[in-house]
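These protein sequence lines map, in sequence, to chains A and B.
If you read the first sequence in our numbering, its first letter stands for residue 1, the second for the next number, and so on.
If you read the second sequence in our numbering, its first letter stands for residue 1001, the second for the next number, and so on.
Among the hints, erroneous ones may be present.
[Said to hold, decoys possible] Derived contacts from chain B toward chain A, CB cut-off under 8 angstroms, selection only: (1) D1055; (2) T1108; (3) L1112; (4) E1124; (5) Q1150; (6) E1152; (7) A1153; (8) Y1185.
If you are wondering where the hints come from, they were derived from the structure by calculation, not from laboratory data.
Yeah, the Cβ is synthetic: ideal placement off N, Cα and C, and Gly gets one too.
Okay, here's what each chain looks like letter by letter:
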Amino acid sequence: MVMRFFLALLAVLAFSGAARAQLSIEITGAGGQRLPIAIAPFPGEASLPAPIAAIVRADLERSGLFRGVEVPPMVPQPTEASNVDFAEWRSRLADALVLGSVVQRPDGRFEARFRLYDVVKQAPLGGIAYTLTREQARATAHRIADYIYEKLTGEKGVFSTRIAYVVKRGNRYELQIADADGAGEETALASFEPIISPAWAPDGRRLAYVSFENKKPVVYVHSLLDGKRHVAANFKGSNSAPAWSPDGSKLAVALSRDGGSQLFLLNPDGSGVRRLAQSAGIDTEPVFSPDGQYLYFTSDRGGSPQIYRMPAGGGEAQRVTFEGSYNVSPRISRDGRKLAYIARNNGKFQATLLDLTTRQAQILTDSDRDESPSIAPNGRMILLATVVGGRGILSAVSSDGRVKQRLTMSAGDVREPAWGPFLQ
Amino acid sequence: MRAIWTALTFVTLAACSSAPTQEQPPAGVEDRQPSATQPGAQTQPVQRPPVAGVDLTTKKAPARSVLTDPASILSKRSIYYDFDKYDIKDEYKSLVEAHARYLRDNRTAKMLIQGNTDERGSREYNIALGQRRSEGVKRMLMLLGATEAQVEAVSLGEEKPKAAGSNEAAWAQNRRSDMLYGGEY
């Protein structure tokens, strides 16, 4: 068995005051072909604050690619060390099987082990042992789900990643960070003025965002580990739409300091400001291509807001979207092949995915107030904000449009989602 | 299929937001202090209680009342726009002219113009559209005598709606530029 030790670095933020909220996920659409997988409860997991097997199953099911097979109580409970009765698991119609266990070590920490099996081929596919503290139970379950997902689909899982979003409750705005399943949220910033456009640094440890605490839009960079934040852009006029370069060394922003809304490049500490383009119209919402060579952005230079692309150092812009009179908020997948954006169709604002190779565009939702799309780091899901029944909620949809989820807050509006990068 | 995850407890950062207050410097006669004394020299301070004078003869009336008196046009601060429009409609031109005159006559006065949009569309693109509105007001103020140093044009996009609701009546209230003087924001 492969032995690997996992030390989760948990961001500890300084907090005062207390509030409580629930973010719940409802799966509203699933993929057609779902692989049946049995995940037996891990003996010993009851001593952890979170049920490992149940979280792994929930993660895999939420992807839309797996279906959890019910596992009846078994005596003795099987573990990764048990001999596997493949015929029995086959009779339960499981194609894949996960067995594991949790034991407490003399130093008070825990060890979680598991093994993944191909039931059809009656062969082990691998396994890992993790050392963890009680607080790392949930993070460990997400790691196990990522391992299984990658083994069975060939692509990296995103269950260990985090998401950022803004909750508005009354006149209070909170920038929150949660696991990709919406659990374990922490508030990075609370304010009585709006917060928009959170953007993850490629290291996953900092966020850039726009805060209105000075009665105007100002760009901040915020370190999640220690809660320290600094102004990155506060020039005369409006400062907004921050985007990180893939190497984390630059921020592209929209500034009105020279009039209008124009694109600039600066260092994350606020130094080295350089204008990228001169446009007669609005230029905003910049986003780097994954190779750092290009900037995609929204501009109305042609009369209506459309998405354009230009060299990241400045230069001639090419128009990318042509259909319709309102195409905004570009986001590019990590492989650089797909562009998510919001298109207005007959008055409805809808998340759309454009394949940059084939030029095929697909409308991903049937809602009408979509905004702020964010692509998962493995390109499989797109998280976006929308409005249902007058309430702001988050919605996740697979890149083929089939798998759909809703993330709602029991009280308040949720908006401005940003999917964080893979853990480093 | 349906699955619900219950979230963990979380605690929040306490934030405080305070509006800066600005007071007019009190008017008064100048109280001359003796200049620096020689080291070792014996000086007797002149005891004289201060007098706070009020001067009604200069043209500058107390600024606050002119700007807030409901009878004064300067107490009106909002300019409204049609859908997808950014130019100042004729009905608001006398209002902008009055504020330009005030800024011209009060060179220390500063103004923040906040442009706003309705809720439809991209938040960031709406920041840019609100900026187009506030800069239109700034341009007219400067043509009429205000200076660059006096006026800042910013945008709140769709983030600070005056009217709640997703209908044309609310949207019309929210397509707006607001003119705020120093101390008011």
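Checked hints:
Proximity of D1055 of chain B to chain A is violated relative to the hint, the smallest CB-CB distance being about 33 angstroms (cut-off 8 angstroms). With its C-beta approaching chain A no nearer than about 18 angstroms, T1108 of chain B sits outside the 8 angstroms limit, and its interface hint is violated. For L1112 of chain B, the shortest C-beta to C-beta distance to chain A is roughly 7 angstroms, which falls under 8 angstroms, so the interface hint holds. Using the Cβ-Cβ criterion of 8 angstroms, the hint placing E1124 of chain B at the interface with chain A is satisfied: the shortest such distance is roughly 5 angstroms.
For the restraint placing Q1150 of chain B at the interface with chain A, the shortest Cβ-Cβ distance is roughly 12 angstroms, beyond the 8 angstroms limit, so the hint is violated. Given hint, E1152 of chain B at the interface with chain A, holds; its Cβ is 6 angstroms from that chain's nearest Cβ, closer than 8 angstroms. Annotation: A1153 of chain B was flagged as interfacial toward chain A, and the flag holds, the nearest CB pair being 6 angstroms apart, inside 8 angstroms. At a threshold of 8 angstroms, the smallest CB-CB gap from Y1185 of chain B to chain A is about 5 angstroms, leaving the interface hint in force.
In summary, the structure is inconsistent with hints 1, 2, 5 from the numbered list given earlier, while agreeing with the others.
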